[in-house]
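So you can see what is in the structure, the chains are spelled out below.
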Amino acid sequence: MAAAACTPKPQSPVQPEVNVYFCKVGSDALVPTPFSVDKSLVGSRLENALVAQLLAGPAVPTSTVVQFPAGTTATVDLEGDLATVDLNGSIAKAYRGGASDEIGLFKSLTYTVTSVGGIARVQVTIAGRKVPTLPGGEFEIDEPLTRETFAQ
Amino acid sequence: MTAIVWIGRVLLALLCALTCSLAPLTPAIALGPMVTPTQAQVWVLGRQIAFAHLGITYGDPVTQVDDPGLHAMLATVGARSSWQPGTRFVAITRGDGKLITFTLGSDAMSVDGVPVSMPFAPFNSGPELYLPLVPLAKALDLGVRGFRGGYVFVPQIVSVTPRREGSVTIVRIEGSAPLTWHSSYANSARAHTLTVSFPGFGTDAAGSQPIAAGLATGADVSESGPPGYPTTAVSISLKHAATFASHRVGAGAAVDVVIARDSAQLRAATPASTPSSVHVAVTPLQTLPAMPKNTPAPPTPAPASPSPAIEPTALTSSSPVVPSGVATAEPLGAGASPSVPSSSASPLSLLASPSPLTMQKITDVSVAEAPTGTRITLTLTGPVAFEWHRLGDPDDRYWLDIDRAVLVGAAQTLQSKLAFIKEIKVSQHALDPDQVVRVSITPTQAIDVRVGTIAGSPNQLGIEIENQPPAPDAALAGIGNTFVTAQASAPPSTQPALPARADPTLIVIDPGHGGSDPGSLNTGYGLTESHVTLDIAERLEADLKHQGWHVVMTRDGDYDVGDPNGTDAQELQARCDVANAAGARLFVSVHINSSVSSAPNGGTTYYWHPTDRALAQTVQNDMITASGITDDGVIRNNFYVIHHTMMPSILVEVAYLSNPHDATLLARQSFLDQVAAGIARGIADFTGGPPSPVGQARPQHPPGAPKP
Numbered sequence: 001m002a003a004a005a006c007t008p009k010p011q012s013p014v015q016p017e018v019n020v021y022f023c024k025v026g027s028d029a030l031v032p033t034p035f036s037v038d039k040s041l042v043g044s045r046l047e048n049a050l051v052a053q054l055l056a057g058p059a060v061p062t063s064t065v066v067q068f069p070a071g072t073t074a075t076v077d078l079e080g081d082l083a084t085v086d087l088n089g090s091i092a093k094a095y096r097g098g099a100s101d102e103i104g105l106f107k108s109l110t111y112t113v114t115s116v117g118g119i120a121r122v123q124v125t126i127a128g129r130k131v132p133t134l135p136g137g138e139f140e141i142d143e144p145l146t147r148e149t150f151a152q
Numbered sequence: 153m154t155a156i157v158w159i160g161r162v163l164l165a166l167l168c169a170l171t172c173s174l175a176p177l178t179p180a181i182a183l184g185p186m187v188t189p190t191q192a193q194v195w196v197l198g199r200q201i202a203f204a205h206l207g208i209t210y211g212d213p214v215t216q217v218d219d220p221g222l223h224a225m226l227a228t229v230g231a232r233s234s235w236q237p238g239t240r241f242v243a244i245t246r247g248d249g250k251l252i253t254f255t256l257g258s259d260a261m262s263v264d265g266v267p268v269s270m271p272f273a274p275f276n277s278g279p280e281l282y283l284p285l286v287p288l289a290k291a292l293d294l295g296v297r298g299f300r301g302g303y304v305f306v307p308q309i310v311s312v313t314p315r316r317e318g319s320v321t322i323v324r325i326e327g328s329a330p331l332t333w334h335s336s337y338a339n340s341a342r343a344h345t346l347t348v349s350f351p352g353f354g355t356d357a358a359g360s361q362p363i364a365a366g367l368a369t370g371a372d373v374s375e376s377g378p379p380g381y382p383t384t385a386v387s388i389s390l391k392h393a394a395t396f397a398s399h400r401v402g403a404g405a406a407v408d409v410v411i412a413r414d415s416a417q418l419r420a421a422t423p424a425s426t427p428s429s430v431h432v433a434v435t436p437l438q439t440l441p442a443m444p445k446n447t448p449a450p451p452t453p454a455p456a457s458p459s460p461a462i463e464p465t466a467l468t469s470s471s472p473v474v475p476s477g478v479a480t481a482e483p484l485g486a487g488a489s490p491s492v493p494s495s496s497a498s499p500l501s502l503l504a505s506p507s508p509l510t511m512q513k514i515t516d517v518s519v520a521e522a523p524t525g526t527r528i529t530l531t532l533t534g535p536v537a538f539e540w541h542r543l544g545d546p547d548d549r550y551w552l553d554i555d556r557a558v559l560v561g562a563a564q565t566l567q568s569k570l571a572f573i574k575e576i577k578v579s580q581h582a583l584d585p586d587q588v589v590r591v592s593i594t595p596t597q598a599i600d601v602r603v604g605t606i607a608g609s610p611n612q613l614g615i616e617i618e619n620q621p622p623a624p625d626a627a628l629a630g631i632g633n634t635f636v637t638a639q640a641s642a643p644p645s646t647q648p649a650l651p652a653r654a655d656p657t658l659i660v661i662d663p664g665h666g667g668s669d670p671g672s673l674n675t676g677y678g679l680t681e682s683h684v685t686l687d688i689a690e691r692l693e694a695d696l697k698h699q700g701w702h703v704v705m706t707r708d709g710d711y712d713v714g715d716p717n718g719t720d721a722q723e724l725q726a727r728c729d730v731a732n733a734a735g736a737r738l739f740v741s742v743h744i745n746s747s748v749s750s751a752p753n754g755g756t757t758y759y760w761h762p763t764d765r766a767l768a769q770t771v772q773n774d775m776i777t778a779s780g781i782t783d784d785g786v787i788r789n790n791f792y793v794i795h796h797t798m799m800p801s802i803l804v805e806v807a808y809l810s811n812p813h814d815a816t817l818l819a820r821q822s823f824l825d826q827v828a829a830g831i832a833r834g835i836a837d838f839t840g841g842p843p844s845p846v847g848q849a850r851p852q853h854p855p856g857a858p859k860p
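Those protein sequences? They're chains A and B, same order as listed. Residue 55 in my numbering sits at position 55 of the first sequence, and the numbers go up by one each step. Residue 318 in my numbering sits at position 166 of the second sequence, and the numbers go up by one each step.
Any given hint might turn out to be false.
Lysine to aspartate or glutamate pairs mimicking DMTMM-like chemistry, simulated, CA-CA at most 20 Å apart [stated by the list, open to error]:
1) B:K577 to B:D553
2) A:K93 to A:E148
3) B:K391 to B:D372
4) B:K391 to B:D356
5) A:K130 to A:D86
6) A:K24 to B:D783
7) A:K93 to B:D669
8) A:K93 to B:D553
Note that these hints are calculated values from the structure, not bench results.
When you get a sec, could you build the whole thing from the sequences and use the hints?
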């Protein structure tokens with residue numbers, strides 16, 4: 001038994017607990033929030049689940065973190081180390097938030113998506129198209145985002 | 153007196169006719185009019201031209217045909233001469249290719265095949281052939297004006313011609329010398345005006361003309377400034393908001409201003425190979441004579457033949473603000489081969505290089521005293537481009553930034569024997585992402601600086617602080633490079649333009665949002681972001697103008713800067729275009745923050761390029777101090793407008809519209825005043841204030857003073 005406990009577990013795609021990163025309002029501080037996920041979720045299915053949770057907000061509603069506008073939807077595709085996140089719905093029409101929230105949205109999205117092993121870059125598209133910024137936004141998203149994008 | 157002069161001229165003509173009929177000419181036939189040497193100064197395009205043999209004959213200036221000053225003068229306006237000793241003809245080719253021919257003894261010259269009479273004919277005095285300067289200047293389409301007992305030859309803007317090409321309007325502006333220009337764009341609900349200014353150029357074509365070509369409705373040509381160094385402005389009225397680019401045509405004596413409805417049209421209409429928004433003050437690269445004991449070893453061998461002596465005064469100063477007198481490693485006047493356009497390079501050919509943007513190292517820095525001043529010598533591993541600025545009185549600092557360069561070793565402080573030099577520093581000004589080596593000079597008075605390669609050593613850049621003060625009209629900024637020798641085979645119009653930061657006096661303010669994009673809203677307080685940003689921007693504009701800056705607003709009303717039906721990216725790019733095309737010194741975008749939460753409050757200043765952090769921090773500090781808003785710090789982030797502008801750029805998020813406390817402040821006029829004053833103070837603190845013409849006091853902005 002003791003020997004078995006010392007035996008490394010075989011590599012498993014199962015990730016019973018993952019982090020969704022929310023960003024505090026008015027700052028760029030991240031709030032890693034653990035969620036349990038179905039063991040069968042891997043790859044793009046796992047990423048889609050993570051992003052869906054990010055869009056849905058924390059399990060306990062709070063106004064202390066930045067959240068995507070209600071009615072925003074997202075799909076995630078993976079290729080190599082690049083995740084392409086296509087945002088649609090209300091955010092694809094017009095963004096009326098401020099700069100700090102805008103940064104917070106993409107920072108939380110980038111950290112959440114890249115929390116899955118092997119994914120380092122996040123290309124955001126809006127309604128299927130690569131665009132320089134959100135409609136009405138300022139923050140550049142036409143190139144893949146990485147955690148380094150938000151390094152000061 | 154007049155009769156005597158005319159009798160003399162008739163006799164001269166007779167004598168010249170006689171001597172010409174007895175060709176070949178020999179020094180023995182020394183019959184000719186009296187040439188009285190003169191110390192009168194000759195200026196062309198703000199640049200003093202030093203003649204070795206300038207004289208007065210019949211009251212008019214004359215000079216020898218092979219005088220280095222004449223070559224320099226011709227080069228300044230893109231012309232060149234061809235003459236062989238013993239021959240009767242002097243051919244001068246203008247920048248536009250037209251031929252001017254003087255014939256010894258004939259008082260009629262030929263200008264593009266058309267005879268034009270002169271007061272008196274070219275003549276021999278001893279073995280030397282003399283040309284009358286004023287008729288030559290007129291044949292070159294230069295205005296002739298008096299200045300301090302000397303002569304100012306002013307290039308002219310000679311024509312403004314609009315045309316329609318597909319979806320864009322093109323206005324061609326032609327001058328009598330290679331052009332350098334600045335653009336500005338004024339946009340309001342009622343009027344949209346694009347103004348292209350040509351410093352150093354006068355015009356006889358002042359006035360207004362209607363234009364029926366696409367987007368343009370009219371053009372107004374006007375001249376302002378001192379007669380010796382005027383500025384001609386061409387203001388093009390537009391039907392509606394537009395974007396534009398400008399690029400040189402041919403040898404550089406013409407510019408095409410391409411006006412389009414939006415950036416997409418503009419890009420589609422402008423060939424990729426065509427440099428857009430080229431509006432540079434080009435520092436003509438000079439060849440500084442080698443020092444008697446030049447410390448650093450020249451990395452390239454000296455030319456086989458001794459470098460023809462260039463008098464230290466023959467090439468002057470940082471004064472030239474315009475493309476001209478392109479001194480290559482081959483000194484002016486050398487060769488005299490008409491097939492070698494050593495003196496006719498256009499400004500763009502200065503920028504032309506097979507690899508103008510390759511990073512180079514500065515392997516050695518030295519300083520030495522020359523007869524004319526103190527020379528700093530930088531030894532380079534290859535060609536570099538540079539930009540220099542000189543502030544006006546009372547802050548006379550000078551700095552020269554070498555792009556794409558890395559200084560090997562530590563920063564250096566150099567000593568000068570000139571009493572008015574407090575400090576010379578050579579340092580790595582920026583390293584990531586841009587590599588910039590800065591040479592900064594702190595004097596106690598206005599200084600004149602010559603920049604050029606060292607004779608026989610094109611990989612050494614000399615920066616010479618002159619003993620003498622600069623000319624009153626000396627330029628305050630310019631750019632140049634050391635790869636001029638590669639120009640001959642490089643088609644000027646196919647080279648990319650270097651980023652232009654041509655107007656050190658200009659700040660572009662960008663009031664965020666507007667028109668179809670109101671930005672954030674706080675209906676409870678009746679606040680709309682686009683209105684508040686414009687309000688602050690207008691106050692900031694007034695404050696900066698009070699400091700002495702020129703200011704261009706990307707918008708001065710509630711409208712889209714770009715096409716209202718265009719994309720968001722086009723709108724943001726249109727704002728960048730305004731600043732880039734104007735060659736602004738700084739770009740400041742004003743925004744109001746907002747959050748889904750009402751909790752966050754305070755102000756933040758964003759920057760993108762690491763080199764802009766100091767600007768951001770300075771503005772942030774002063775804004776916080778002036779307004780009392782909570783300090784949320786400076787943050788580096790990739791906002792479009794501070795990424796795609798080519799000059800130091802910041803985006804100020806003044807306060808949170810979504811926070812009740814901040815919203816209360818934003819509704820107060822006094823708070824908006826304080827914010828604007830703080831930003832303006834930050835700009836003043838960072839820049840040291842706007843450059844001002846030498847000898848003119850800079851308008852002061854009293855601490856804490858309300859806006860005028």
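Status of the hints after comparison with the structure:
no.: 1; hint: B:K577 to B:D553; result: holds, 12 Å
no.: 2; hint: A:K93 to A:E148; result: violated, 28 Å
no.: 3; hint: B:K391 to B:D372; result: holds, 15 Å
no.: 4; hint: B:K391 to B:D356; result: violated, 27 Å
no.: 5; hint: A:K130 to A:D86; result: holds, 9 Å
no.: 6; hint: A:K24 to B:D783; result: holds, 17 Å
no.: 7; hint: A:K93 to B:D669; result: holds, 12 Å
no.: 8; hint: A:K93 to B:D553; result: violated, 44 Å
Hint check: violations occur at hints 2, 4 and 8; the rest are consistent with the structure.
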